[in-house]
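Work out the full structure, taking the sequences as your base and the hints as a guide.
Listed below are the residues making up each chain.
Protein chains: 2
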Amino acid sequence: MPEFLTLLPPDEAREKLLSHLPAPEPDSEPIDVASSLGRVTAEDILAPHPLPDFRRSTVDGFAVRAKDTYGASDSLPAYLVLAGEVPMGDSPKSALEPGECMTIHTGGMLPEGADAVVMLEYTQTVDHGAHNASRPADQGEKDNKNSVNSVGSVVEVEVFKSVAEGENVIAIGEDVNQGQVVQPKGTLVRPAEIGGLMALGITKLRVSKRVRVGLISSGDEVIPPGGSPRPGQVRDINSYTLGALVTKSGGEPVFYGIVGDSFGSLKETAAKALSECDVVVITAGSSASTRDMTADVIDQLGHPGVLVHGINTRPGKPTILGVCRGKAIIGLPGNPVSALVNGYLFLVPVIEKLLGAIPRPKATVQARLTVNLPSQAGREDWWPVRLTTEHTESTEKVIKNVSVDSVLSVVKYDAEPIFGKSNLIFTLAAADGLLRIPPDATGLSAGEMVEVVLL
Amino acid sequence: MPEFLTLLPPDEAREKLLSHLPAPEPDSEPIDVASSLGRVTAEDILAPHPLPDFRRSTVDGFAVRAKDTYGASDSLPAYLVLAGEVPMGDSPKSALEPGECMTIHTGGMLPEGADAVVMLEYTQTVDHGAHNASRPADQGEKDNKNSVNSVGSVVEVEVFKSVAEGENVIAIGEDVNQGQVVQPKGTLVRPAEIGGLMALGITKLRVSKRVRVGLISSGDEVIPPGGSPRPGQVRDINSYTLGALVTKSGGEPVFYGIVGDSFGSLKETAAKALSECDVVVITAGSSASTRDMTADVIDQLGHPGVLVHGINTRPGKPTILGVCRGKAIIGLPGNPVSALVNGYLFLVPVIEKLLGAIPRPKATVQARLTVNLPSQAGREDWWPVRLTTEHTESTEKVIKNVSVDSVLSVVKYDAEPIFGKSNLIFTLAAADGLLRIPPDATGLSAGEMVEVVLL
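In order, the protein sequences belong to chains A and B.
Here the first sequence is numbered in this note's numbering, starting from 253 and rising by one per residue.
Here the second sequence is numbered in this note's numbering, starting from 253 and rising by one per residue.
Mixed in with the good hints, there may be bad ones.
Which copy is meant is left open, because identical chains are indistinguishable; a pair holds if it fits in one copy or across any two.
In the DSS-like style, the derived pairs of lysine-lysine whose C-alpha atoms are separated by at most 27 angstroms in a straight line are [claimed, not checked]: (1) 569 to 437; (2) 500 to 605; (3) 614 to 664; (4) 569 to 413; (5) 437 to 500; (6) 614 to 500; (7) 673 to 524; (8) 413 to 673; (9) 461 to 500; (10) 456 to 500; (11) 268 to 664; (12) 319 to 268; (13) 413 to 456; (14) 345 to 605; (15) 519 to 664; (16) 524 to 605; (17) 345 to 500; (18) 437 to 413; (19) 345 to 614; (20) 437 to 605; (21) 319 to 673; (22) 268 to 614; (23) 605 to 664.
It should be emphasised that the hints constitute simulated quantities derived from the structure, not laboratory data.
So this is what it looks like as C-alpha cells:
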C-alpha cells in the first residue's frame with residue numbers, strides 16, 4: 253500500500269519530540285578536569301577565590317604611584333628612585349614609598365603603595381654613580397638590582413609618560429570574583445573551560461554521564477559489515493554511521509545488531525534496548541512493510557508511542573519519532589544517507605537535551621552556490637555539498653578585502669552540490685557539509701550565498 | 253630591555269614554519285574502522301567491489317521492462333502480468349519476461365530482464381478472478397504474492413505512467429566503481445566515511461599515529477593546578493588548555509611539567525621532549541627574561557633553530573616559531589589567552605601537517621558585529637566574541653526569508669566582543685569564538701557581517 257503520511261515540518265516534528273521528553277535530570281559522574289574535554293558540566297561551578305587574587309602587572313616595567321607620574325613627558329620626565337625589583341612568584345620585599353618605583357615583570361605582584369605600572373619603553377634608568385644611562389636588564393643578576401648599585405650610588409628612573417591609576421594592572425577579581433558562577437551547569441567543556449577551572453585550582457568536576465543510545469538495524473537484506481553479501485544483500489551501514497554520530501555528540505552507542513523483518517523479534521529487541529538505554533534508534537529495513545512494523549513496535553512499547561510519522565524533508569520523509577515511557581524512540585529510514593542526515597536532525601538534539609547541554613552555535617561555512625537547485629515548496633531539503641575555494645578554482649580572482657588564510661576560515665568557498673540518488677553513502681562521504689533549502693523556498697539560485705552545515 | 257622584535261604577519265610566519273618541516277611521512281597504525289572517528293587515513297582506500305554490486309530498486313513498486321510502459325497514462329494504462337515478488341535479501345526466483353512485472357521493495361534486487369521500476373503510487377492491481385481492484389499489500393503474506401491468486405486467476409497490474417530505462421534503479425557501481433579511490437590518504441574519518449567503508453566490507457584501516465606534542469610550562473611563578481598559590485604565584489593553565497587543544501586536533505599531549513626560570517633546566521627538559529615527541533611547545537614564564545630564554549634554548553637545540561621571533565598579531569606578539577632537527581618547537585607567551593589563541597593559529601596547523609591531513613574548512617559562524625572594534629593597521633587581531641541570536645534579543649524582529657532553526661545553524665547571530673585585558677582566561681571561556689580583524693583593516697564597524705571561528 254502506498255504510504256500516505258501526514259508530513260510535519262521538521263522543526264515542528266523535532267519540537268514535538270523534545271517537548272514529550274521529561275525535563276533533563278542527567279545522571280552525573282565525577283571526573284578529572286584534565287580529561288573532561290567535550291563533556292557537559294552537571295553543576296554550576298563557582299569561583300572559590302577571586303582571580304587573580306593579587307594585583308598583577310600586565311607589562312614589563314616599573315610599579316609606581318600613578319600620581320608621581322602625572323605631567324611626565326619626553327621633555328619633562330618624572331624622576332623616581334628605583335627601590336628594588338619584584339621577584340617573580342613571590343610577594344615584593346617592601347611597600348612602595350612616594351617618589352619610588354620598583355622593577356616589575358609581566359605577571360609580577362604589585363607592591364603595597366603602587367597603583368599602576370609604567371611600561372619599560374617609556375623609561376630610562378639613570379645611574380647617578382656612573383652618570384651614564386643604562387637599562388635595568390643590563391645591570392646583571394637579579395640580586396644586584398636595587399636602588400644602590402655596586403659602587404653605592406642611587407639609581408633613578410626617568411618616566412616619559414604619565415600613567416593613570418590601575419593602568420597596566422589586573423585588579424584582584426578582575427577575571428572572576430569569589431563566588432561568581434564561572435561555568436553554569438550545561439557548559440560544554442572546551443580547552444578554555446579547562447584552563448579556567450585549572451586557574452581556580454578546580455581539578456575535579458561533575459559531568460553528565462554519556463547518553464546511552466541503543467541502535468537496532470532491521471531488514472532481511474542486511475548483514476554485518478564483515479560478511480560477504482549474497483546477491484540482494486547489503487552490509488549494515490547505519491549501526492556504524494549512527495554509532496559514530498552518537499559518540500561525536502556525547503553519547504555512548506550500544507549495539508543490538510541486525511533484526512530480520514519479524515515483528516516479534518523487532519519488538520523483543522526494542523524492548524530490551526528501551527530498558528537498557530536512554531534513547532533507542534531503529535533503522536528500518538528499506539521495504540514499506542518493515543517501515544510500518546517499526547511504527548507498530550513503537551506504539552506497543554509504551555505510552556504515548558508514535559508522535560510523528562512522516563516529516564516533510566528530503567531525505568527522511570518516512571522518519572518516525574516516538575516516546576515510550578519517557579524515552580525517545582526514533583525510527584529512521586534504512587537508506588544510509590537518509591538515516592545519517594536525520595540522525596543529525598533528530599537524534600543529536602535528543603542527546604543534547606538529555607545531557608542538559610546549553611545550546612551552542614553549530615559549525616557552518618558561508619559559501620556561494622555554484623548551480624541552481626530546485627526544490628519543492630513546503631519541503632525542507634538537505635543537499636550534500638562539496639566546498640571548494642575560489643582560490644584553488646582560479647588564482648586570478650582576487651577577493652577584495654578578504655585575505656585567504658589557509659588555516660582559519662576566512663577563505664571564500666563555493667558550495668557545489670553532489671548529485672546522485674539519495675541513498676548513495678559516498679555522496680555523503682564526499683561532502684564537506686549539508687546545504688539546507690528552507691521549506692518556503694522553491695529552490696536556490698546559482699551565485700546565492702548559502703550556509704553549509706559542516707558534517 | 254624592551255623587546256624590539258621584527259614582527260612577521262601571521263600567515264607568513266605560519267608558512268615559514270610549515271615550509272621548514274619535512275614532507276609528512278606520518279607513522280601509521282591499523283585500527284578498527286568502527287573506532288576510527290576523528291582519525292586521519294594513512295593510505296588510499298580503494299573499492300574492492302562495485303557498490304551496489306547488484307541493481308537495486310530505490311522505491312516500492314513493480315520491476316518492469318521500461319518499453320512495456322511507454323505511452324501509459326491515467327486514461328490508457330499499460331497492463332502487465334504480475335509474475336511474483338522479489339524477496340528482500342535474495343535474488344529474484346526468475347527472470348522477467350516481456351509483458352510481465354514483479355513486486356519489488358525499496359532496496360530489492362532487479363530481476364534479469366527488468367530495467368526500471370514503476371512506483372506503487374502509479375499502479376493498481378487487478379485480480380481477474382475476483383474482478384475487484386486490490387493492492388498488493390492487501391493480499392496477505394509474502395508466499396501468497398504471485399500472479400496466480402488462491403482461486404487460480406491471473407493478477408494484472410495497471411500502470412498509469414511510463415518509466416524510462418533505469419528509472420528508480422541504482423545501477424551496479426553507481427555509488428562507487430571497483431578499484432575507485434573512495435577515500436584518499438589524509439581523509440579525516442567522520443560518520444559518513446565509516447559508513448562508506450562498512451558498505452564495502454572494509455572493517456580495518458591504517459590511520460596516522462597521533463602526533464605527540466611535548467608541553468613544557470616555564471616560570472618561577474607557576475605552580476601545578478592542584479597546589480595553593482602563595483602571593484605572587486599562579487597555577488599552570490597552559491599545559492592543560494594546550495593539552496586539550498592537542499587532543500582535539502588529533503594529537504597526544506605529553507606533559508613535561510613546570511620548569512623554573514633557569515636556562516639549564518629549560519634546555520634539558522626541552523631536549524628530552526624533543527627526543528621523545530614530534531612537536532615541542534614551551535609556554536614562557538611571563539617575564540621578558542624567560543621569553544628570551546626560550547629563544548636561546550631553541551637556538552641551541554639544533555639547526556635551523558628560531559625561524560620567527562615576534563608576530564604581528566594580538567594576542568601573541570612574542571610568539572616564537574622554530575625548527576630543530578626537523579621538528580617544530582613553538583614558544584608561546586605565558587599569558588593563557590595568548591597561549592591558547594596562538595595554539596589555534598600555529599600549533600594546530602603543525603599537527604594537521606604532521607598527520608598528513610587534507611585541509612578542510614574550519615567551523616565558522618557568520619554574525620553581525622554589535623559594536624565598533626578599532627584595530628591597528630598592519631596587525632591581525634583576534635577578539636573573543638559571544639554569539640547571541642537576534643531571536644533571543646528581540647522576538648519582535650522577524651528575519652525575512654530565514655527561518656530560525658534551533659538545531660542547525662540557520663539562526664542569525666550577533667557577535668558581541670568580550671572586552672577585558674588580554675590575559676583573562678575567562679574572557680575565552682565565555683567566548684563562543686574568535687573574531688579576526690585582518691591586518692589591512694583599521695577596525696570593523698558595528699553592523700558589519702563578520703566571520704567568527706568557533707572555539
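field: Violations among the numbered hints, reported as their numbers in ascending order
entry: As far as the earlier hints go, 1, 7, 12, 13, 14, 15, 17, 18, 19 are violated by this structure, in ascending order.
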